[in-house]
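Undergrad: Please construct the entire structure, taking both the sequences and the accompanying hints into account.
My numbering puts the first residue of the sequence shown at 52, with every later residue one more than the last.
Don't take each hint at face value.
[Stated by the list, open to error] PhoX-like mimics (lysine-lysine), calculated; alpha carbons at most 20 Å apart, straight line: (1) Lys239 / Lys151; (2) Lys71 / Lys310; (3) Lys71 / Lys230; (4) Lys71 / Lys186.
[As the list claims (entries may be wrong)] So the derived label-pair ranges between C-beta atoms look like this: (5) Val174 / Glu106: 37 to 47 Å; (6) His181 / Phe280: 21 to 31 Å; (7) Phe116 / Lys230: 30 to 40 Å; (8) Val177 / Glu106: 14 to 24 Å; (9) Val103 / Thr144: 44 to 54 Å; (10) Glu277 / Leu211: 24 to 34 Å.
In case anyone wonders, no lab produced these hints; they're calculated from the structure.
The beta-carbon is built from N, C-alpha and C at its ideal position, and this holds for glycine as well.
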Amino acid sequence: MFAGYFGNALVIWATFHNRKLQGSCNCFMAFGCFADIIHMSAHWVYVYTTVVTGENFIPYDQCLFYQAIPFIFVTVSIIMTLFVGIDRLVSVTFPLTYGKTNKNLIVIGGIVISILCALYFVVVSVIYSHTAAGKNPVLCAVVNAAGGRAFFDWFYFCVLVNLIDLIIYTTVWVILLLKSGISEESKKVFRSLFVVMLTVAFGWLANAFVHVVIIPAFVSVEYQYEVTFLFGIPVNLASSGTFVTLYIFSQEYRQTFRKLLGFNLPESRSSSMIFTQRSKTDVPIKVATVSKRRIGDSHR
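TA: What follows is the structure in structure tokens.
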């Protein structure tokens with residue numbers, strides 16, 4: 052969990068620090084990392100109610116009170132992955148139109164939409180918590196904050212979003228393979244986004260299947276803690292792994308991470324995935340970074 056805090060915070064820091072990483076796609080990823088930090092904080096409640104107190108189960112309305120905010124940001128994080136894919140699909144399909152769009156408006160709109168979607172599930176859960184069922188004992192994992200109709204609606208929503216992710220990201224990857232003029236570095240950068248999406252999709256699809264199908268039908272109450280814990284691991288790996296994936300596949304992120312961590316980086320000639328601010332477009336382009344010495348020589 053602490054590794055997840057560190058990695059996600061570093062992605063956010065890199066986004067603020069490097070202007071080349073401030074396109075709408077990067078901002079969606081950064082906000083998704085922020086959402087994952089809040090999501091992971093829900094585990095403190097889970098640990099307290101299971102390990103510290105040893106009670107394991109608490110009343111549903113009490114669980115919702117503890118987990119409502121983390122649950123909102125779990126939903127936001129899932130939607131951010133979708134918006135990253137939509138952003139990339141539009142950028143490679145309609146680059147000229149995409150270049151004329153207001154990126155700040157896109158980012159703000161995406162964040163507002165994701166929060167409103169998350170609030171729907173919370174509102175339905177709050178209404179459910181005020182019924183007699185609000186006193187039913189639950190294992191207070193973050194996903195169990197969704198109650199009644201919201202529980203099944205949320206998992207169906209989760210499955211739908213992740214299936215759409217698979218379709219959109221695969222479409223973008225095919226376009227990048229077939230489209231001429233796309234640099235290998237740009238393809239490698241999108242590969243990092245594709246890997247992030249796959250880990251998120253696999254984690255949540257498996258988690259949804261277990262909570263909606265396996266646990267209600269086959270798992271007795273005394274074993275729900277172990278099953279919930281085991282199938283929560285892929286989700287938490289996905290929530291913590293964005294930093295590692297970007298470090299491996301993206302040269303621009305890797306260089307920024309190393310700089311922020313205080314590692315010395317020699318100036319070298321390299322190609323980078325950048326998001327140009329002058330043209331206000333996120334279309335990947337290949338640029339050459341020259342050493343400071345050569346720049347100085349050109350002015351003599």
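Undergrad: Could you tell me whether the CB distance from His181 to Phe280 stays inside 21 to 31 Å?
TA: At roughly 30 Å between Cβ atoms, Phe280 and His181 fall inside 21 to 31 Å, so the hint holds.
Undergrad: Take a look at whether the Cβ-Cβ distance between Val174 and Glu106 falls inside 37 to 47 Å.
TA: violated (28 Å)
Undergrad: Is the straight-line distance between the alpha-carbon of Lys71 and that of Lys310 20 Å or less?
TA: holds (14 Å)
Undergrad: Does Lys71 pair with Lys230 here, judged by a C-alpha cut-off of 20 Å?
TA: Given that 20 Å is the threshold and the Cα spacing comes to 23 Å, the pair is violated.
Undergrad: Confirm or reject the claim that Val103 and Thr144 have a C-beta distance inside 44 to 54 Å.
TA: 51 Å Cβ-Cβ, so the 44 to 54 Å window holds.
Undergrad: Quickly compare the C-alpha distance for Lys239 and Lys151 to 20 Å and report which way the hint goes.
TA: violated (25 Å)
Undergrad: Please test the hint of 24 to 34 Å on the beta carbon pair from Glu277 and Leu211.
TA: holds (28 Å)
Undergrad: Lys71 and Lys186 were given as a pair; does the straight-line alpha-carbon distance stay at or below 20 Å?
TA: violated (51 Å)
Undergrad: Cβ-Cβ distance between Phe116 and Lys230: within 30 to 40 Å?
TA: About 50 Å separates the Cβ atoms of Phe116 and Lys230, which means 30 to 40 Å is violated.
Undergrad: Should the hint that Val177 and Glu106 are 14 to 24 Å apart at their CB atoms be regarded as holding?
TA: holds (23 Å)
Hints 1, 3, 4, 5, 7 from the earlier list are contradicted by this structure; the remaining hints agree with it.
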